[in-house]
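Engineer: Here's the letter readout for the chains.
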Amino acid sequence: MAFGLGGALGKLRAGLQKTREKLSQSLKGLFAIGRKLDQDLIDELEEKLIAADMGPATATQIIDEVKAAYKARAFKDPNDVYVFLKDKIRALLGGPDAGGDIRFAATPPTVVLVVGVNGSGKTTSIAKLASILTKEKKKVLLAACDTFRAAAVEQLEIWSQRIGVEIIKAQTGADPAAVAFDAADAAVARKVDVLLVDTAGRLHTKENLMQELGKIQRVIKKKLPDAPHEVLLVLDATTGQNAIAQAKTFREVVDVTGLFLAKLDGTAKGGVVIGIRNEVGLPVKFVGVGETPDDVERFDPDAFAEALFE
Amino acid sequence: MRFPLADCNSPIVESMFESITEKLTAAFSRLTSRGKLTEANIQEGLREVRQALLEADVNFKVAKDFIASVTAKAVGKEVIESIRPGQQIVKIVHDELVALMGPTDGYIHWQSSGPTVILMAGLQGSGKTTTCGKLAKYLVKKGKRPLLVAADVQRPAAIQQLQVLGKDLGVPVYAEPSGRPPKICERAIGHAKETDRDVVILDTAGRLHIDAALMQEVKEVADRTKPDEIFLVCDAMTGQDAVNSASAFHAQLPLTGVVLTKLDGDARGGAAMSVKAVTGKPIKFVGLGEKLDEFDEFHPDRMASRILGMGDVITLVEKAQASLEQGKVEKAAEAFMKDQFTFVDFLEMMQQVKKMGKMKDILSMIPGLGSQLKGVDVDDKDIGRIEAIVQSMTITERLHPELFNGSRRKRVAQGSGTSVEAVNQLLRDFQQMRKMMKQMKGMMGGKLGRAKMAQFAKLKGKGGPDSEAFRKFQGGLGGPKR
Ligand SMILES: Nc1nc2c(ncn2[C@@H]2O[C@H](COP(=O)(O)OP(=O)(O)OP(=O)(O)O)[C@@H](O)[C@H]2O)c(=O)[nH]1
Ligand SMILES: Nc1nc2c(ncn2[C@@H]2O[C@H](COP(=O)(O)OP(=O)(O)O)[C@@H](O)[C@H]2O)c(=O)[nH]1
Ligand SMILES: [Mg+2]
Ligand SMILES: [Mg+2]
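For the protein sequence lines, the chains are A and B, in the order given. The first sequence runs -10 to 299 under our numbering. The second sequence runs 2 to 483 under our numbering.
No lab work stands behind these hints, which were simulated from the structure alone. What you are looking at is a predicted structure, and each value in this text was computed from that prediction instead of being measured. Any given hint might turn out to be false.
As the list claims (entries may be wrong) - In silico DSS-like pairs for lysine-lysine, Cα to Cα no more than 27 Å straight-line:
(1) B:Lys138 to A:Lys195
(2) B:Lys65 to B:Lys78
(3) A:Lys37 to B:Lys65
(4) B:Lys62 to A:Lys75
(5) A:Lys75 to A:Lys37
(6) A:Lys37 to B:Lys62
(7) B:Lys168 to B:Lys138
(8) B:Lys292 to A:Lys237
(9) B:Lys292 to A:Lys204
(10) B:Lys285 to B:Lys143
(11) A:Lys195 to B:Lys292
(12) B:Lys65 to A:Lys56
(13) A:Lys56 to A:Lys37
(14) B:Lys145 to A:Lys195
(15) B:Lys62 to A:Lys77
(16) A:Lys211 to A:Lys180
(17) B:Lys282 to B:Lys145
(18) B:Lys168 to B:Lys143
(19) A:Lys56 to B:Lys292
(20) A:Lys237 to A:Lys75
(21) B:Lys292 to B:Lys168
One chain only, chain A, in its complex shape (with noise of 0.2 Å):
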C-alpha cells in the first residue's frame, strides 16, 4: 500500500460525521416501528438519496433494488434497508481499482496527471499528494503547466516551497504542452521518483482546451511512453449531475484512472461519485477534507458507505 492510512480514517469520518448523523437519524425516522413499505415512504427515502447528490437515475435504481429485496421479504427490521443501502454503496464503489494506492512506475519516474474543471481543487491536491508522497521519502517534482490563469504558477510555487520539493515552470501564456516535455525531461535527469503535473481548470465543454490536455499527455507519453501513470480528475463534492458528464468527457481526451475527491469537509456528501462509478466505471482513489497538504484521506469504500449510512 502506498498511502499509510495511520489514524488518519478519522478524519473522513469526521468530515462525514454530520451526514452520518443527518442520514441515519432521518432513515431511522422514516423506518419507524409498524410503517408500511409504501410508496410514500419509497419517496421518501428516494428523496434522501438525492439528497446526498446521487440523482435521480441512479437513486430509482437504488430504489428499485429496494424494493424488489422488500418483496422478497429480505427485511425484517428497519436496520435491514441501512445494511442493505450501505453493502450496495460499497459493493458499487469498491473493487480492486478503488482506494488511493498510486500505480508505481516499473522504473521511477511515475507520472501523475491532475486535470478537471475549474477551481475544483487541482492544484491544493496535488500539494497534498506531494506531501504524502514526501513522507514516504518519494523524491517528488511538480509541473506547473497551468500556464493560463493569473498566478496559478505562483500558487504551485508557494506549495512547492513549503512542502520542499522542486517544480519546472515558466511564463504565464507559454505552452502548457511545453512545461510538461521539459518536466518528463527533468524528471528523468533528476531522478525524480515522482512527477506531479498540474493543468489548467478547464470545462469539458471545450473542444480547444480538451485537446490541449490531449496534446500534454502526448507529449508526456512521447518522453516517457509508459506515462502517465496515474491520471486523476479532481472532482468539487459539492457539484451535482454535471459531474458524470465531466468525468465521461475527460475521459475520452486522457487516460483517467480516478478520482480524487476534494472539499468533502463541507455538508456536501459527493453521492455523485456513485453515479459515476455506475456510468463511467472510475473509482474514487482520494478525498480532500480541507485546504492544507495534510488534509487528505486514502478513499475507503467501506469507511465512505458507512459513512452515508451508517
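Starting from the known structure of chain A, fit chain B with the ligands onto it as the hints suggest.
Structural biologist: Okay, now just chain B with the ligands, sitting in the frame of chain A:
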C-alpha cells in the same frame, strides 16, 4: 449523403432534441383537447417536471415546493384547444420558473457620499476573484473608478492573482502582505477615499459555510465596511448542497445578490433556483467564461429553459446571430411562415451555415450535448455538396422543386458532381421540411408562433435542414409529434 447534423449518431440528436416538452407531450397524450386540467390528470406530467428539476440539480425540497405551486396554478385551467396539454403545462412551469428566478436585476446600489463598497463571498473555487475582475471591468465601462481589494490571505498566491487581473484592467489593487481581512478592508476603504476611487470591490477568501471562525471573519469584514452590495458567488455546477451553503451565508451576511459562475459549461444550473429560493436575493450577474469580459446580467427566462433541459436556446441563438446576416435569416424565416420556402431560401441558409464556423462550440452549450459531441465532426464538405447540388439547379427549379423529374435529377447530379441518390435525398429532406413547416404554421398562429418560428429558422440555418433533426427539434419547441 446526409446533412451535417444527420451524420451525428442518433443519441446525440436524441439528447439534443429530447426535452421536457417532448416527455410531457408523451405523458399527456391521453388527455383530450377538451376539459380541465385536474390534479389527477397532470400528476404524471409533473412527475416528469420533477425529474427534470432533479436532474438539473434543483434541491429536492425546492423542487417539491415548486411542483406544489405549479399544481395549484394549473388545476382548473381549461385545456386550450390549439395547444396540447403538455405544452400548456410546460408554459406554466416555465413561467413559474421565470417568476421564481427573476426579475432581471443588474441594479447596484450606489453610495451617494464616499465609495460604494461591494463584497464578494462564497465557497472555495466558486469564482470570486475572477468575478471581482469581471465586475471591475464592467464598472469601468460604466464610467466608474473601482479599487480592487485583496482580502484573501488564505489561498497561496491569491493576492498575486488579483494583482494580475488588476494590471490587465488598469485598475489599482489594494493589498497588504499579511494581517486580518477586516482590518485590511477597512484600510482599503480609507485608501479608496484618498485616491479618489468611487467603488471598492472586496475579494475575500473562499470558506466553507460550516467553518465558524471564517464565517465570523467575513461577517466582521461586512460589519466594518458596511458594504452596499454583498454578492454570494455560486458555481453553476453546484448540486443539492447549494441550499445549505447559501442559507448559511445568508444567515451570516446581509446578502444583496448572487453571481452564478461557470455557466459557459453544460451544467443545467438548478442551483440558481435553489439559491434564489433559500435567499430570496436576486441573481444579478452570470459568469460565462474565464476571461474578464465573459460576464453578463442574469436572464431568468434563459435559465428556466436551461433548467428544464430545453437548452439555453436564446443564448444559442444570440451566439448564432453574431455570425449570421440578420436580414437573410429573417427572410428565410418569413418564407417559412408564408409557406413559400424554396431552394433559393434554402441556399441562402446553407451559406449562412458555413459562416457559423465553430458550430461545435455553440452546440456544446446545449445541456448534455457537449460531452457527446466529441469526435463528431460537422463536415463542411457535406454543406459544400448540398450547395453544389442546389447551384446546379435552374432558377425555375429552385423556385418550383415539384418540377423535378428523373431527367432533371440526373442532370443536376451530373452538374454537381454528385449522384442521383444524393439529389433524391436532398429533395426528400426538402419536401419533408416543407411539410413540417406547414404543420408548424398551422399550429402556431399569432405572435408567439412567429417569434418561435424566427428563432427556429435561425437555428435551422445553423444545423442544416435535416428532416429528422428538424422533427425532433420541433418537438423540443413544442411542435406536433408524429
Ligand atoms: N475546504 C476545502 N477546500 C479546498 C479543498 N481542496 C481545495 N480547496 C480550496 O478550493 C480552492 C480552489 O482550489 P485550487 O487547488 O486552487 O483549485 P484548482 O482546481 O487548481 O483551480 P483552478 O486551477 O483555478 O481551476 C482553494 O481555495 C483551495 O484552498 C478541500 O478538500 N477542502
Ligand atoms: N469557465 C469558467 N471558469 C471560471 C468562471 N469564473 C471563474 N472561473 C475559473 O474558476 C477558477 C476559480 O476561480 P477563482 O476566481 O480563482 O475562484 P475563487 O477561489 O472563488 O476566488 C479559476 O480557474 C477561474 O478561471 C466562469 O464563469 N467560467
Ligand atoms: Mg490550479
Ligand atoms: Mg479567490
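Engineer: Any hints from earlier that this structure breaks? Give me their numbers in increasing order, please.
Structural biologist: 14 and 19
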